[in-house]
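Line by line, the protein sequences are chains A and B. With our numbering, letter number 141 in the first sequence gets 141, and the count goes up by one each step, no holes. With our numbering, letter number 157 in the second sequence gets 453, and the count goes up by one each step, no holes.
No wet-lab data here; the hints were simulated from the structure. This one's a predicted model, so the numbers in the text were calculated from it and none came from an experiment. Cβ coordinates follow ideal geometry from the N, Cα and C atoms, glycine included. Keep in mind that a hint or two might mislead.
Beyond 10 Å from chain B on every Cβ pair, some chain A residues (computed) [to be verified]:
id	residue
1	Glu12
2	Ile41
3	Trp68
4	Leu75
5	Met89
6	Lys146
7	Ser274
Each pair of labels, with its calculated beta carbon distance range [said to hold, decoys possible]:
id	chain 1	residue 1	chain 2	residue 2	range
8	A	Thr290	B	Ile504	16 to 22 Å
9	A	Thr290	B	Arg540	47 to 53 Å
10	A	Phe262	B	Gly338	51 to 57 Å
11	B	Val478	A	Phe262	49 to 55 Å
12	A	Leu80	B	Gly323	53 to 59 Å
13	B	Tyr595	A	Arg125	40 to 46 Å
14	B	Tyr595	A	Leu152	57 to 63 Å
15	A	Gly264	B	Ile409	28 to 34 Å
16	A	Thr290	B	Phe514	46 to 52 Å
17	B	Val478	A	Asn190	53 to 59 Å
18	A	Val76	B	Arg489	22 to 28 Å
19	A	Ile69	B	Tyr595	55 to 61 Å
20	A	Gly264	B	Arg449	14 to 20 Å
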Amino acid sequence: MFGAIDPIDIIETSIAGLGTGALLALTGVAFVIIYKATKVINLAIGEMLMIGAFVFYGFSAGLALPIWISIPATLVVAALIGGGIERLMIRPLMKDNPVSVFMVTIGLTSILIGIVELIWTAEPRRLPEFLPGQPIVLGEAFIGSKTAYSFLIAAAVIAVLLVVFAFWRGGIALRATATDRAAASSVGINIAGVFSFSWMLAAMVAALAGILVGSVGGISSAMGLFGLSVFVVVIVGGLDSIAGALIAGLFIGWLEAMVGRFFGGEFKLLATFSILLVVLVVRPYGLFGTHEIERL
Amino acid sequence: MRVATAKESYAADEALFKTDTQKVWFGVLMAGLLLYPFVGSGYWMFLAVLVMINVISTTGLNILTGYTGQVSLGHAAFMAVGAYAVAFFDTRFNTPVLLNLVIAGALSAAIGILVGLPSLRIKGLYLAIATLAASVILHFVFLNWTPVTGGLRGLNVPTATIAGIELATPERLYWLVMPITVVMVLAAKNLFRTRVGRAFIAIRDRDISAEIIGISLFQYKLTSFAISSFYAGVAGGLWAYMFRVVTPESFPGLASIFFLAAVIVGGAGTIIGGLFGAIFMTLVPELLKLVAALVTPFYPDAPIYLAPVRNIVFGLLIVGFLIFEPMGLAEVWRRMRRFFALWPFRT
Numbered sequence: 001m002f003g004a005i006d007p008i009d010i011i012e013t014s015i016a017g018l019g020t021g022a023l024l025a026l027t028g029v030a031f032v033i034i035y036k037a038t039k040v041i042n043l044a045i046g047e048m049l050m051i052g053a054f055v056f057y058g059f060s061a062g063l064a065l066p067i068w069i070s071i072p073a074t075l076v077v078a079a080l081i082g083g084g085i086e087r088l089m090i091r092p093l094m095k096d097n098p099v100s101v102f103m104v105t106i107g108l109t110s111i112l113i114g115i116v117e118l119i120w121t122a123e124p125r126r127l128p129e130f131l132p133g134q135p136i137v138l139g140e141a142f143i144g145s146k147t148a149y150s151f152l153i154a155a156a157v158i159a160v161l162l163v164v165f166a167f168w169r170g171g172i173a174l175r176a177t178a179t180d181r182a183a184a185s186s187v188g189i190n191i192a193g194v195f196s197f198s199w200m201l202a203a204m205v206a207a208l209a210g211i212l213v214g215s216v217g218g219i220s221s222a223m224g225l226f227g228l229s230v231f232v233v234v235i236v237g238g239l240d241s242i243a244g245a246l247i248a249g250l251f252i253g254w255l256e257a258m259v260g261r262f263f264g265g266e267f268k269l270l271a272t273f274s275i276l277l278v279v280l281v282v283r284p285y286g287l288f289g290t291h292e293i294e295r296l
Numbered sequence: 297m298r299v300a301t302a303k304e305s306y307a308a309d310e311a312l313f314k315t316d317t318q319k320v321w322f323g324v325l326m327a328g329l330l331l332y333p334f335v336g337s338g339y340w341m342f343l344a345v346l347v348m349i350n351v352i353s354t355t356g357l358n359i360l361t362g363y364t365g366q367v368s369l370g371h372a373a374f375m376a377v378g379a380y381a382v383a384f385f386d387t388r389f390n391t392p393v394l395l396n397l398v399i400a401g402a403l404s405a406a407i408g409i410l411v412g413l414p415s416l417r418i419k420g421l422y423l424a425i426a427t428l429a430a431s432v433i434l435h436f437v438f439l440n441w442t443p444v445t446g447g448l449r450g451l452n453v454p455t456a457t458i459a460g461i462e463l464a465t466p467e468r469l470y471w472l473v474m475p476i477t478v479v480m481v482l483a484a485k486n487l488f489r490t491r492v493g494r495a496f497i498a499i500r501d502r503d504i505s506a507e508i509i510g511i512s513l514f515q516y517k518l519t520s521f522a523i524s525s526f527y528a529g530v531a532g533g534l535w536a537y538m539f540r541v542v543t544p545e546s547f548p549g550l551a552s553i554f555f556l557a558a559v560i561v562g563g564a565g566t567i568i569g570g571l572f573g574a575i576f577m578t579l580v581p582e583l584l585k586l587v588a589a590l591v592t593p594f595y596p597d598a599p600i601y602l603a604p605v606r607n608i609v610f611g612l613l614i615v616g617f618l619i620f621e622p623m624g625l626a627e628v629w630r631r632m633r634r635f636f637a638l639w640p641f642r643t
């Protein structure tokens with residue numbers, strides 16, 4: 001099965017894996033933003049990524065707009081979708097138990113897949129090329145340029161988000177809401193606004209990840225399956241930790257690439273979900289997540 | 297207006313049928329089920345059998361999710377286990393149909409216990425993701441354990457044969473599925489008059505308090521997983537006899553969402569809710585097909601949009617019921633009953 005393992009092969013596979021891992025991390029960050037602010041487990045994160053990619057397809061291929069207009073336009077539409085979902089589906093249920101909110105997001109996956117198939121049908125499509133196509137040579141290892149650029153873009157976006165959360169007023173408001181909703185409200189933070197904002201921001205980040213994922217592997221109504229690996233990432237990293245999503249994202253991406261390369265693609269999900277089960281049983285709050293103490 | 301429904305003993309208050317009216321209506325229902333094959337035929341019998349299989353599976357998920365409070369996103373995978381078990385034992389060992397169904401249930405229950413094992417450490421949403429993980433792993437097993445599951449091509453299932461009679465059509469299969477459905481739904485109803493069922497409800501309502509009053513969380517959560525998977529396994533086995541072929545794609549992840557939707561739409565934590573949910577969710581796609589057929593002459597593309605519209609309708613039903621009628625159709629039913637019981641006074 002293994003043959004002679006070539007060190008260059010391992011390096012190339014690892015780098016490609018880290019490229020996918022960066023996209024997993026980016027989507028994981030979108031998940032964490034929602035979870036941190038609203039305590040909602042968003043099972044539809046993969047589908048939000050998918051609809052972002054399709055909206056971009058609509059602008060760039062359907063309307064043939066140039067890239068520098070399509071991307072901002074996609075982000076605006078994504079923000080509207082995210083805000084709309086929060087306002088229509090999540091906010092009416094915020095007072096109920098978390099399990100019903102979680103089930104609403106399950107319903108949301110079905111709706112988003114249906115909408116995409118209704119408008120663009122179920123067949124896979126390719127996004128227009130917009131990343132430079134020249135492969136990059138690092139020593140003796142070749143790196144696909146799309147992988148490299150999507151890695152860089154993902155890294156830049158995550159860096160910007162980290163800075164925003166650390167210093168910007170809105171980011172601080174979001175962290176305050178995450179820590180203690182009642183206290184944040186009593187110092188004048190607009191909780192409903194923070195909820196709305198977190199869903200809009202997460203939808204934008206997910207749409208950006210969708211554009212990058214789509215430009216590497218094409219888009220289809222089934223690309224929401226990418227979200228399955230994202231759940232593994234956020235649970236391994238800890239649901240409410242951006243740094244955790246980052247590290248776990250890179251790790252899971254690398255692991256999937258290695259398993260896929262040396263055992264075959266069908267083993268990818270098996271490997272990640274086995275890790276998920278182990279982490280859930282041994283350390284349910286993940287590597288960096290808050291360890292919640294249960295009180296009566 | 298109905299009067300004197302007050303009960304004088306716990307036994308009367310806990311009875312399966314609390315009033316004579318309920319007994320009469322139950323009798324009417326049974327008579328209807330016995331007479332149905334003489335009225336319906338072909339497509340209607342197919343629908344009836346499909347509805348009943350979904351009723352068994354939904355009732356199973358309702359025991360786990362509605363009564364014990366453990367959300368499962370892997371219910372369809374347990375059905376698949378039952379379907380594969382029936383296909384495997386019937387083709388390899390030619391065992392009798394009823395034995396195959398029991399094996400299907402038992403095997404499913406055993407795997408359900410395995411999947412339920414993490415449920416003491418983790419709960420709620422984490423458990424839901426763990427069951428999702430289990431269903432992904434089971435799907436992998438179905439796809440790759442070729443000697444047993446037939447890999448991508450799946451297994452063909454022979455016609456169910458009881459006492460020399462081949463149950464080849466839905467008309468005949470009805471007489472196998474209907475009694476099993478009635479027995480299993482009544483058994484589920486009865487379960488919640490026993491210590492085990494009460495323990496499930498206690499765990500759902502407040503697990504810590506349940507543990508303090510002496511309910512072993514571990515034992516009862518696993519029991520709940522086992523019973524729920526047993527129902528799914530039997531339903532999957534009947535499904536295999538009905539469609540006669542089992543492949544890894546027979547029970548996609550969306551099927552798990554279908555059963556969860558049926559529990560939510562029907563009303564989580566009521567037996568009648570499981571019935572309503574399964575009937576409603578099975579018939580909605582048929583209704584959509586009917587609408588599509590009506591629209592096709594004017595709008596020839598309509599059938600293409602059937603699958604996406606079905607997805608959107610499923611999603612909207614889940615979301616809509618959770619927001620506007622969280623107790624499901626069972627609550628609507630209860631309101632209607634109360635209206636008639638109290639008439640002419642307003643509720």
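Each hint, compared with the structure:
1. Glu12: The claim stands: Glu12/A keeps its Cβ more than 10 Å from every Cβ of chain B (closest is about 26 Å).
2. Ile41: violated (5 Å)
3. Trp68: holds (32 Å)
4. Leu75: Consistent with the label, Leu75/A stays out of reach of chain B, its closest Cβ about 24 Å off (over 10 Å).
5. Met89: At about 6 Å from chain B, Met89/A fails to clear the 10 Å cut-off, so the statement is violated.
6. Lys146: For Lys146/A, whose nearest Cβ neighbour in chain B is about 27 Å away, the distance exceeds 10 Å, so it holds.
7. Ser274: It is violated; Ser274/A is separated from chain B by about 7 Å at its closest Cβ, not greater than 10 Å.
8. Thr290/A - Ile504/B: 16 to 22 Å: holds (20 Å)
9. Thr290/A - Arg540/B: 47 to 53 Å: holds (51 Å)
10. Phe262/A - Gly338/B: 51 to 57 Å: Holds, since Phe262/A and Gly338/B (Cβ atoms, about 53 Å apart) stay within the stated range.
11. Val478/B - Phe262/A: 49 to 55 Å: The hint (49 to 55 Å, Cβ to Cβ) holds, given that Val478/B and Phe262/A are roughly 53 Å apart.
12. Leu80/A - Gly323/B: 53 to 59 Å: holds (56 Å)
13. Tyr595/B - Arg125/A: 40 to 46 Å: violated (24 Å)
14. Tyr595/B - Leu152/A: 57 to 63 Å: violated (47 Å)
15. Gly264/A - Ile409/B: 28 to 34 Å: Holds, since Gly264/A and Ile409/B (Cβ atoms, about 30 Å apart) stay within the stated range.
16. Thr290/A - Phe514/B: 46 to 52 Å: With Cβ atoms ~26 Å apart, the hint is violated.
17. Val478/B - Asn190/A: 53 to 59 Å: holds (55 Å)
18. Val76/A - Arg489/B: 22 to 28 Å: violated (57 Å)
19. Ile69/A - Tyr595/B: 55 to 61 Å: Given range 55 to 61 Å: violated, Cβ gap about 34 Å.
20. Gly264/A - Arg449/B: 14 to 20 Å: Cβ of Gly264/A to Cβ of Arg449/B: about 18 Å, so the range 14 to 20 Å holds.
Violated hints for the displayed structure, listed by number in ascending order: 2, 5, 7, 13, 14, 16, 18 and 19.
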